[in-house]
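Asker: Sequence:
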Amino acid sequence: MSEQSEFPDGQYPERPVERHKGPVVLRRDRRDQGSTTDQRLLDSRGPSDWVHTDPWRVLRIQAEFVEGFGALAEVPRAVTVFGSARTKRDHPEYELGRKIGAALANAGFAVMTGGGPGAMEAVNRGAAEAGGFSVGLGIELPFEQGMNPWVDLGVNFRYFFARKTMFIKYSQAFICLPGGFGTLDELFEALTLVQTKKVTKFPVVLFGSDYWGGLYDWIAKTVQAEGKVSPHDLDLLHVTDDIDDAVRVVQESYQAWEDTH
1 MSEQSEFPDG
11 QYPERPVERH
21 KGPVVLRRDR
31 RDQGSTTDQR
41 LLDSRGPSDW
51 VHTDPWRVLR
61 IQAEFVEGFG
71 ALAEVPRAVT
81 VFGSARTKRD
91 HPEYELGRKI
101 GAALANAGFA
111 VMTGGGPGAM
121 EAVNRGAAEA
131 GGFSVGLGIE
141 LPFEQGMNPW
151 VDLGVNFRYF
161 FARKTMFIKY
171 SQAFICLPGG
181 FGTLDELFEA
191 LTLVQTKKVT
201 KFPVVLFGSD
211 YWGGLYDWIA
221 KTVQAEGKVS
231 PHDLDLLHVT
241 DDIDDAVRVV
251 QESYQAWEDT
261 H
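In this text, residue positions in the sequence shown follow the UniProt record's numbering: the first is 1, and each later residue adds one.
Treat the hints with caution; some may be incorrect.
Straight line, CA to CA, 30 Å or less: simulated BS3-like cross-link-like pairs of lysine-lysine [as the list claims (entries may be wrong)]:
1. Lys228 with Lys164
2. Lys221 with Lys197
3. Lys201 with Lys169
These aren't lab readings, by the way, just hints derived from the structure by calculation.
My request is simple: use the sequences and hints to build the entire structure.
Answerer: Shown next, in the form of structure tokens:
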């Protein structure tokens, strides 16, 4: 039995009215008479609570990683230095930060900090004054902090975890000046990643034995003594009061990394 055309006498209808939604074509009763995608994008009317939804946050997080990777990809070998934002400019620790920043710059390292005031500003300043590359990775906080004026390249982040990834990915070492919870957070994040071999050849220097000695002793005499960490985990930390010694640790670790790559 031969097929019968639904169109008599071989006549085909003219192109029916259709609507396009991206690559999709809709005809007849499938056509949607609503607004276009562009119109919905550009129309400012409507509810705005979508900007606080988790899917939108995911896009913001993705954007932070893209911007961070793009901005920092060509930064030369770098050392991140942490320290308190509360350090005053007339405090001895501020001058210490300047000297550490300058010493790292003279050794050929870019300097990376949280970009804020206090010890961070001191380190960025020391590196800039020595002709080095000074980087600041800022963070959105409930109180104004802002990027210090000695930063050559600054990137601001909304999310701490995105910012932490940049510190780890684009640094060859951490040096911790006396600091508070933020410094401690970054310190133990780095130690955990090194201990679990998520990152390798990554020295962590605690600068200031008077300030950090009690913490190191507690880890050795309590945490390690009770078997919560291994004895060799203590080797991940280097406590010093000497700038040349700190730079030496960084250089030797970087050389060891280069030798294996």
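Asker: If a hint holds in the structure, say so; if it does not, say that too.
Answerer: For each hint, the structure was consulted:
Proximity of lysine 228 to lysine 164 is assessed by CA-CA distance (about 25 Å); at most 30 Å being required, the pair is judged to hold. Proximity of lysine 221 to lysine 197 is assessed by CA-CA distance (about 24 Å); at most 30 Å being required, the pair is judged to hold. Proximity of lysine 201 to lysine 169 is assessed by CA-CA distance (about 12 Å); at most 30 Å being required, the pair is judged to hold.
Checked against the numbered hints given earlier, this structure breaks none of them.
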